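Q: This is what each chain is made of:
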Amino acid sequence: MPARRDRWRGLALALPLLLLLLGVLSLGAATLPGRADFAFCNQSDVSSLDPALSTGQSDGRIQAALFEGLTRPDPQDCAPLPGVAESWQVSSDGLSWTFALRSQARWSDGTPVTAQDFVYSLARVLHPATAARNASLLWCIVGAEAFTRSPPEPGPDTSRLGIVAEGPLRLRIDLLRPTPDLASRLALPSFLPVQRACLERDGEAWVKPGRLVGNGPFVLVERRLRDRLRLQRSPTYWGADEVALETVDALSATGITTQLNLYLTGEVDWMIKPPPGLSRALEGRPDLLAGRQFGTTFLRFNLWGGPFDGQRRPGPLADRRVRAALALALDRTSLAHDVLRGGHEPIDSYVPAGLPPYVPARLPPADPDEARRLLAEAGYPGGSGLPRFSLLAPHNESTRDFCEAVAAQWRAELGVQTELVHQVFGVYLDSSTRGLYDVAWGAWIGDTLDVTSFLECFLSGSGNNRTGFADAAYDALVAAAAEQPDPALRADLLQRAEQRLLDELPIAPLVQRVNLNLVAPRVRGFHDNLLDVHPLRDLAVVEPAR
Amino acid sequence: MNTGRPSTWARLLRRKGSRLALLLLGGIALLCAAAPCLPLPPPDAMQPAQASQAPSAGWRPADPRGLAAVQSAHPAAVAVRRALFGDGELAGLLGTDGLGRDLASRVLWGGRVSLQVGLLATLVSALVGVAFGLAAGYAGGRVDQLMMRCVDVLYSVPLLFVVILLIAVLRDEQLAGRMRALGLDRLSVLYLVIGGISWLTMARIVRGQVLLLVRTPWVLAARALGATPTRIACRHVLPNLWGVVVVALTLTVPRVMLFEAFLSFLGLGVEPPGVSWGILASEGLEQLTLLGAAWWLIAFPGLALLLTLSALNLLGDALRDALDPRLLR
Amino acid sequence: MNLLTRLAGRMALLVAILLVVSSASFLLMRAVPGGPFDDGRHLDPAIRASLQRRYGLDAPVGEQYLRYLSDIVLRFDLGPSLRLRDYSVNEVLAESLPVSLLLGACALLVALGIGLPAGALAAARRGRWLDTCVMGAATLGLSLPSFVLAGLLVLLFAFRWPWLPVAGFGTPAHLVLPAVALGLPFAASIARLFRTGLLEVLGEDWIRTARAKGLPGWLVIVRHASRPALLPVVSYLGPAVAGILSGSLVVEQVFAIPGMGSHLVDSALNADYYLASGVVLVYTLLVCSGNLVVDLTYELLDPRLGDPA
Chain A
720 MPARRDRWRG LALALPLLLL LLGVLSLGAA TLPGRADFAF CNQSDVSSLD
770 PALSTGQSDG RIQAALFEGL TRPDPQDCAP LPGVAESWQV SSDGLSWTFA
820 LRSQARWSDG TPVTAQDFVY SLARVLHPAT AARNASLLWC IVGAEAFTRS
870 PPEPGPDTSR LGIVAEGPLR LRIDLLRPTP DLASRLALPS FLPVQRACLE
920 RDGEAWVKPG RLVGNGPFVL VERRLRDRLR LQRSPTYWGA DEVALETVDA
970 LSATGITTQL NLYLTGEVDW MIKPPPGLSR ALEGRPDLLA GRQFGTTFLR
1020 FNLWGGPFDG QRRPGPLADR RVRAALALAL DRTSLAHDVL RGGHEPIDSY
1070 VPAGLPPYVP ARLPPADPDE ARRLLAEAGY PGGSGLPRFS LLAPHNESTR
1120 DFCEAVAAQW RAELGVQTEL VHQVFGVYLD SSTRGLYDVA WGAWIGDTLD
1170 VTSFLECFLS GSGNNRTGFA DAAYDALVAA AAEQPDPALR ADLLQRAEQR
1220 LLDELPIAPL VQRVNLNLVA PRVRGFHDNL LDVHPLRDLA VVEPAR
Chain B
3 MNTGRPSTWA RLLRRKGSRL ALLLLGGIAL LCAAAPCLPL PPPDAMQPAQ
53 ASQAPSAGWR PADPRGLAAV QSAHPAAVAV RRALFGDGEL AGLLGTDGLG
103 RDLASRVLWG GRVSLQVGLL ATLVSALVGV AFGLAAGYAG GRVDQLMMRC
153 VDVLYSVPLL FVVILLIAVL RDEQLAGRMR ALGLDRLSVL YLVIGGISWL
203 TMARIVRGQV LLLVRTPWVL AARALGATPT RIACRHVLPN LWGVVVVALT
253 LTVPRVMLFE AFLSFLGLGV EPPGVSWGIL ASEGLEQLTL LGAAWWLIAF
303 PGLALLLTLS ALNLLGDALR DALDPRLLR
Chain C
847 MNLLTRLAGR MALLVAILLV VSSASFLLMR AVPGGPFDDG RHLDPAIRAS
897 LQRRYGLDAP VGEQYLRYLS DIVLRFDLGP SLRLRDYSVN EVLAESLPVS
947 LLLGACALLV ALGIGLPAGA LAAARRGRWL DTCVMGAATL GLSLPSFVLA
997 GLLVLLFAFR WPWLPVAGFG TPAHLVLPAV ALGLPFAASI ARLFRTGLLE
1047 VLGEDWIRTA RAKGLPGWLV IVRHASRPAL LPVVSYLGPA VAGILSGSLV
1097 VEQVFAIPGM GSHLVDSALN ADYYLASGVV LVYTLLVCSG NLVVDLTYEL
1147 LDPRLGDPA
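Residue numbers (my numbering), protein chains in the order written: chain A, 720 to 1265; chain B, 3 to 331; chain C, 847 to 1155.
Please note that a few of the clues may not be correct.
Which residues of chain C face chain A? A few of them, derived with a C-beta cut under 7 Å, are [stated by the list, open to error]:
#, residue
1, Ser896
2, Leu897
3, Arg900
4, Gly902
5, Arg929
6, Arg931
7, Asp932
8, Ala940
9, Glu941
10, Val1012
11, Phe1015
12, Pro1104
13, Ser1108
The set of hints was computed from the structure by calculation and includes no laboratory data. Quick caveat: nothing in here was measured; it's all calculated off a predicted structure. Positions of the beta carbon are idealized from the N, C-alpha and C atoms, including for glycine.
Generate the whole structure from the sequences, applying the supplied hints.
A: So, in structure tokens, the structure goes:
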């Protein structure tokens, strides 16, 4: 008996030790393979390496490194540069684009990239079973919208799509209406090509390191969730001589303070969006690059007075004067400089300036006295009689501070009371889509340098509208602009539409968004641009990392 | 009432540690309760011009708008403040945060919320635990076995994780709206949820004590004389439970407050613009960078938590030792 | 014999608990209307419908639940991750579980490595200032939240004296601060329990005999007094393991450690149903197994406990 007892005892004590041993062994598997040439904080884990499933900028940066589309963005001004396509031509009516592909373009397994690859990839993005988010950006192509909306089984017919391979190196795309920025759209990460053979061979596991076949400047070496992703220069890329970086690490740390500390200790060379709360300490640093972004932060007003489920319940916000009062009472300069800081600037239009020939419409400057007058005229002098508005915002530090400042200003200037409602982004989006708010924080950032995407948000049927604004004149102006091939006339029509928007004020534009990047001095080729696109292909470092 | 109880207090107060703990707790509770009366800036008044200042003391005239906001909620307290300190305020005593909000004020107002959550959630757990333990211990036999088996099962489930999911779900606007219709705001839901997972130890302790008490001569006599169970429970059992319950309460409050701080840190507890020590700690942590860490933003909320929780732990231990230890085995 | 039947009983209980927990977490997640596909622009209804279909989220909840359960039981398949589209939940767990285990094991080592000697020291020097110091420090350690402690550690050992990395994972140096932040509060409890246990034992007759034989004090403690004094420490290890696992949620976030804790918080906030349920399930399994191991160890260590009647 005692002997067996002792054996049991020994076993029981050995179990925890075994666990510890296992732990130590797994530590061996976790050792770092040494620092890469260039490392950056990618803000979060990539949700998918599949370009068709691209959701945000974190995905897009890596996808743009692993794959290359017909065009690629210029690092200085985001204009479309030749990618796989050496050149392209547009027909005179703007409805037919022809791309000439370069013969040296290769996949990472050595096979050439052909026009057929693009037909396959673009059809895949538009296919209903893929459920790609950005598929609607290509609905300007003939047959594309019907293609995406058709039921997934038995599978729509690709021959109905206006994407045709006229030869192994010639691709033609037919459009329903003139789309001047098609070349820019095709540079977006969603529309990068994938290799059919690779997908058919590996199925769902095709995105794993070692199996992924891409045609971009880098290949995937290693991927560890919530830790990092390692890329290496691809020898088969047609422009391999132009790629200066040998290895790149994309770190997935999400905590903003953690990212900043990693940058300050030299573990990464580039940090995106440094914390706004620390902008005071970061101001004046030579490695802080602050540039205007092609995006606006604004407030949405719920014109229906309640949920968008059929019945309008006009409340105070249905009165244009109340909305104008709320918009004019806010000191946009203080919000931009004191609350948000970090290079934010107040904006007096909805579409940001800087895209000739378009000249944005103008909003009158902040005028609290006029605001109070309008509010009194509408029947609510000094804010009396107004219910408590709910101010909806997604849950993050900077929007929280911003909304608190807005609420404080309204309280002080107009006597208007608000209740702040913060929700997780998905829930916030759902609430604003369904109209479960009175006033909501909002932002729009252009994917490409085209004004239309901003104005299309507030068309009557647009899913991005979410205010209940429906104006026939506005819709007509935007539709007319879409059909207009001449750039100057187009710009004029769009400006009139924007003026209409700013007269009716379903939104109150406040601040132009800013791109903030912390970039180590050893990095070259990093340029500030409106879309905040910094292809890894064009970056270089001058000295080895510490 | 059980005899011999009065000496407990004497025994308790004789220990140096417990006197210090009581003093500390009393002081903190008093300061937090008196927050509206103190000459400090309001906790949510943003002064971007004075952001991230290190601690320094300065007397300056109070901002009337901020004062008006506090006055509408606590008119009597602000009247006292006006009478005692006039219209000035002590600004920047413990420094300011990134938006220029006064830290001393936020620590005190946050203390109100943290202490409130701690006490109320503990109360919820006490109510549930005592009721459960009393029922189990009194019923005895099979029912007792079953109930304790339930407690065992729940004890081994890491309820923390399920609570995280529960709170993430309850933050949904529609569900919150329905709760509000029932009279439960977000903070109340928090008390209920936190209290709902902390009652297990209390139930166990109470049940153990009840099992002992049920066999004492006077309860057996009362039973023999035909007293109803409720009468026995109220007259004989409950009064003798309070010692055990008080000790368990004093030791549950720090756990509950830690849990609230934990949840607020993850973004699931008290929500801005409300303040609590957990939120202050998480904000302070966010400011900890190589650029010149605003150490006061984490030091003072951390100190507040440290002092309160240590005092509670010390007190709980002292209480446990002061009470007859045999009863607690 | 009795031990085996009790073991079987505990295993059955474990399965029941896992069932309850996985069901609860699955149903809770489905109650969130936000859905896992909202993180950017408005989704065209046709596209959203396709996404729902692709992940089987358009079926009624009951059917989804049954399919979920049968996948787990029959194929050990915890489902796909709705956010990390390239990974299934099993793959995510396979990558992150070893990391969490490693962190937890190191934290436990820290807790025992600091707690046991501290408790022994306090017991040996009972009543003197060292005892008061150690016990005072222990009370403080119990009262500090792990994230505040983490912040202080970072302030001191990564900023003030840059000896250790501030965050990340990959070398042993990366694990020092997180393990200390996680394990120190438990070291405090262990020190107190061990001290109490030792004080009880040290008063007994057979200890006096050993001392009278001329054995030095520390040897007496280590070889003779430890075994029985360890019992309360061992029974505390169960809740300690649970506490370490829950504390790891915060520590993993602060130090950017790629463990399960960070996945739990993110998936709960982003309505990634399957991943959240899967992580909760694994945590429950770990805690229950930890309790089981601890109970077994306790019984086998205590010579006074025979086979239970």
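Q: Which numbered hints turn out to be false for this structure?
A: 4, 8
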